[in-house]
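Enquirer: Sequences are here, hints too, so could you generate the full structure?
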Amino acid sequence: MITTDFVDRDRYDRMRRIDWVDVESIQSKRCLVVGAGALGNEVVKDLVLAGFRKITVVDMDHIVTSNLSRCLFFRDSDVKKVMKADVVASRASELDPEAEITPIVSDIKDLDDWHYDIVIGCLDNISARMHVNAHAYYNGIPFIDGATDGMNGRVIVILPGGPCLQCTMNRTHVEQMERRFTCTGNGTAFVPKTASDITTTAVIAAMQVREAMKIASGHPEKCVKGATYYNGTEGTMETLEVTVDPECVNHQE
Amino acid sequence: MSIAITVKNVYNGSTIRMEVENDETMGDIIKSAAEYWRKEASAYILKKGKMLLRSSMTVAEAGIITDDVLEMIPDPEGGSR
Numbered sequence: 001m002i003t004t005d006f007v008d009r010d011r012y013d014r015m016r017r018i019d020w021v022d023v024e025s026i027q028s029k030r031c032l033v034v035g036a037g038a039l040g041n042e043v044v045k046d047l048v049l050a051g052f053r054k055i056t057v058v059d060m061d062h063i064v065t066s067n068l069s070r071c072l073f074f075r076d077s078d079v080k081k082v083m084k085a086d087v088v089a090s091r092a093s094e095l096d097p098e099a100e101i102t103p104i105v106s107d108i109k110d111l112d113d114w115h116y117d118i119v120i121g122c123l124d125n126i127s128a129r130m131h132v133n134a135h136a137y138y139n140g141i142p143f144i145d146g147a148t149d150g151m152n153g154r155v156i157v158i159l160p161g162g163p164c165l166q167c168t169m170n171r172t173h174v175e176q177m178e179r180r181f182t183c184t185g186n187g188t189a190f191v192p193k194t195a196s197d198i199t200t201t202a203v204i205a206a207m208q209v210r211e212a213m214k215i216a217s218g219h220p221e222k223c224v225k226g227a228t229y230y231n232g233t234e235g236t237m238e239t240l241e242v243t244v245d246p247e248c249v250n251h252q253e
Numbered sequence: 254m255s256i257a258i259t260v261k262n263v264y265n266g267s268t269i270r271m272e273v274e275n276d277e278t279m280g281d282i283i284k285s286a287a288e289y290w291r292k293e294a295s296a297y298i299l300k301k302g303k304m305l306l307r308s309s310m311t312v313a314e315a316g317i318i319t320d321d322v323l324e325m326i327p328d329p330e331g332g333s334r
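One line per chain: the protein sequences are A and B, in this order.
Per the working numbering, the very first residue in the first sequence carries number 1; after that it's consecutive.
Per the working numbering, the very first residue in the second sequence carries number 254; after that it's consecutive.
These are computed hints drawn from the structure, not numbers from a lab.
Errors might be hidden in some of the hints.
Unchecked claim - Listed below are the simulated DSSO-like cross-link pairs for lysine-lysine, each with C-alpha atoms no more than 30 Å apart in a straight line:
hint : chain 1 : residue 1 : chain 2 : residue 2
1    : B       : K261      : B       : K301
2    : A       : K109      : B       : K284
3    : A       : K54       : A       : K80
4    : B       : K301      : A       : K222
5    : B       : K303      : A       : K80
6    : A       : K214      : B       : K303
As the list claims (entries may be wrong) - DEER-style ranges, computed between Cβ atoms:
hint : chain 1 : residue 1 : chain 2 : residue 2 : range
7    : B       : I318      : A       : L68       : 49 to 57 Å
8    : B       : I318      : A       : V174      : 25 to 33 Å
9    : A       : D8        : B       : K303      : 37 to 45 Å
10   : B       : I318      : A       : T239      : 22 to 30 Å
11   : B       : S255      : A       : P220      : 39 to 47 Å
12   : B       : T268      : A       : E241      : 42 to 50 Å
13   : B       : E314      : A       : G150      : 27 to 35 Å
14   : A       : I198      : B       : S255      : 45 to 53 Å
15   : A       : E100      : B       : R270      : 51 to 59 Å
16   : B       : S285      : A       : R14       : 49 to 57 Å
17   : A       : V244      : B       : K261      : 23 to 31 Å
18   : B       : I318      : A       : D112      : 31 to 39 Å
19   : B       : E314      : A       : D8        : 54 to 62 Å
Note that CB positions come from ideal geometry on N, CA and C, so glycine has one too.
Expert: Written out as structure tokens, the structure is:
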């Protein structure tokens, strides 16, 4: 009997219709997601739905009520009882039972293993971003960093050999980083709450995962070149060219 | 010789008129403008057209001329909490 519904039995049929997408390659790539908050929830959801099956999620925080307006995988019953990374890994696995999602409840600065194909930054402070940027760059791993502030957001794709996140930074970033530290001298970061909403979070996360799909499909040349700034209030987006800063510590011989 | 430029905060529309020298850097300009907008403590990036101006780049290297308008954009930091 001739049937026409076979195409609907393939989970990734519609994705395969995009000419540059390589589903099998995406499934084989090891992806590190740093941060399991607002961006982290959206990024992991998109990664799993896009076919990524080897995902590690790092976060050291527990869930609080204010996370619930932006985090798909969190529930009221999770508040103050469970850790973000554990919940994201567990609930995201339900989207695709073949996905292996490994939670690591830890400060990213304590992570020793950097054997990944792609790193996705979903962080909330410059200090942690600089750490991830340096490790990804040193290890030659593409790094896709996302950031939001209210209706504004930014995505930057860092590819081996090109400019890195630190190349875009200046003294205001250093001052912002210094404002984050307490006077206890023990390195405890105080991170004030920034404005955040799910719509901007979803846009930025989707852009990050789309760039990851390009890299995982073997098409890094298709990645957006530079830093993309999104203004959700005005509905505008602009990509700025970024060049290597010869004074950047990551680019010293 | 001083070059008169305008620095614009893209998100609040505020502008500053500034005089800069050829050997001053984009970092110097960002720092001065950020101090002017101190009430909105944030990290910023500076752009001219479609180019993100690196901190170490000088006014001469960036090809900045009189009456250029440079735009400052707050660089978002959040995403996790």
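Enquirer: Look at the Cβ atoms of I318 (chain B) and D112 (chain A) and judge whether their distance stays inside 31 to 39 Å.
Expert: Given about 50 Å between the Cβ atoms, the range is violated.
Enquirer: Given the hinted pair K303 (chain B) and K80 (chain A), is their Cα-Cα distance within 30 Å?
Expert: Violated, at roughly 44 Å.
Enquirer: Hey, K214 (chain A) versus K303 (chain B), does the alpha-carbon distance stay inside 30 Å?
Expert: This hinted pair holds, its Cα atoms lying about 23 Å apart.
Enquirer: Below or equal to 30 Å on CA atoms is what counts here, so check K301 (chain B) against K222 (chain A).
Expert: holds, 24 Å
Enquirer: Starting from the hint 37 to 45 Å, judge whether the C-beta atoms of D8 (chain A) and K303 (chain B) obey it.
Expert: holds, 43 Å
Enquirer: If I claimed the Cβ atoms of I318 (chain B) and L68 (chain A) lie 49 to 57 Å apart, would that claim hold in this structure?
Expert: Given range 49 to 57 Å: holds, Cβ gap about 51 Å.
Enquirer: Measuring from beta carbon to beta carbon, are V244 (chain A) and K261 (chain B) in 23 to 31 Å?
Expert: Hint holds: Cβ distance 26 Å, inside 23 to 31 Å.
Enquirer: Please check whether I318 (chain B) and V174 (chain A) have a Cβ separation lying inside 25 to 33 Å.
Expert: With a Cβ separation near 29 Å, I318 (chain B) and V174 (chain A) satisfy 25 to 33 Å, so the hint holds.
Enquirer: Can you let me know if the beta-carbon spacing of I318 (chain B) and T239 (chain A) is within 22 to 30 Å?
Expert: Given range 22 to 30 Å: holds, Cβ gap about 24 Å.
Enquirer: Taking the beta carbons of S285 (chain B) and R14 (chain A), is their distance inside 49 to 57 Å?
Expert: Once the Cβ atoms are compared, 52 Å apart, the range 49 to 57 Å for R14 (chain A) and S285 (chain B) holds.
Enquirer: Quick check: does the Cβ-Cβ distance between S255 (chain B) and P220 (chain A) fall within 39 to 47 Å?
Expert: For S255 (chain B) and P220 (chain A) the Cβ distance comes to about 44 Å; the hint holds.
Enquirer: Holds or violated: K109 (chain A) with K284 (chain B), Cα cutoff 30 Å?
Expert: holds, 29 Å
Violation of the numbered hints given earlier is confined to hints 5, 12 and 18; the remaining hints are satisfied by the structure.
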